[in-house]
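Enquirer: Starting from the given sequences, assemble the full structure and let the hints guide the process.
In terms of full-length UniProt numbering, the sequence shown opens at residue 1 and continues consecutively.
Think of the hints as simulated: they come from the structure by calculation, not from any bench. A few of these clues could be false.
Stated by the list, open to error - What follows is a set of in silico ranges between Cβ atoms, one per label pair, in the way DEER data are often shown: (1) I87 x E15: 15 to 25 Å; (2) T164 x N230: 13 to 23 Å; (3) E171 x R94: 22 to 32 Å; (4) R160 x E244: 20 to 30 Å; (5) D228 x T159: 21 to 31 Å; (6) R59 x K223: 41 to 51 Å; (7) D82 x T164: 20 to 30 Å; (8) E66 x R206: 47 to 57 Å.
Every value quoted in this text rests on a predicted model; they were computed, and no experiment measured them. Beta carbons are placed, not taken as given, at the ideal position from N, Cα and C, and that holds for glycine.
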Amino acid sequence: MSEKQPIVVGVDGSEESYDAVRWAAHDAAQAHAPLMLFSVTGGFLSTWMPSSYFADLERESFASIERAERVVREEVGDGLVDVLSRIVTGPPVRELVVMSKSASRIVVGSQGGMDSGISKVIGSTAAALAAHSQCPVAIVPAGAAHSRNGRIAVGIDGTRRNETAIGTAFEEAAARSAELVAVYTWAEIGTASALAGRDFPWDETRVAEEIILAEALAGWSEKYPEVDVNRCVVADDAARTLAELSRTLDLVVVGSRRRGGFMGMVVGSTSIALLDSAQSPLLIVH
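Expert: Here is the structure:
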């Protein structure tokens, strides 16, 4: 049995959650880490519900876990990944946060079934999971589990706290033999168009922003010489830029727990826009 912390993937019986399982299975195989199939049942139900109803939910959870185990075998075969499973009762986000204390990362799908909750962390509660999780959180959009474009992107904000996300992105790119697109944006929605045609020092500003990006990446290429880095400075909104790029990416990596830039994307409208619009898996790193 691996001594590494497990990759925990939420399973709720929805097709979206099985897409998350597919992605997590390959992620676990790549990282040589155990995979925990995690199901939450009954979190939104009142205690006055008949016991038979809870029993039915538990049976459904077991069935979902069994199917998830088959999905893992179909994706990576037998024996390549240590597969664990756990079923708990409680609010999905709370239970995922608890699991994050002993996980290397949490993986969830982008939508969920009508009667369950794990994959429904996207939307109004996605920010809560990303903000309170003790480990990185990966969100896998429907149909994106097998994305193989050979490119991943990382959002750069020029702060020291962004270094964890940058390091994770380099590590992911090296493990996948993928190109890394380092994206730095310096304008909000409408700023560039509002300045168009005005006497604005575009060239000087671009040079200054390129210096910020270069400083943020300093040392990382030396540590990961095998990773090809494409530096991208854009005068546009952060979430929109990454969402557009995600169409041809295998993964988008961003940081969290900041008030501005990419590190703040797990709070407010910017985070929700990216969570809803990214077409590749999204990894939120603390």
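Enquirer: Of the numbered hints stated earlier in the document, which are not met by this structure?
Expert: none
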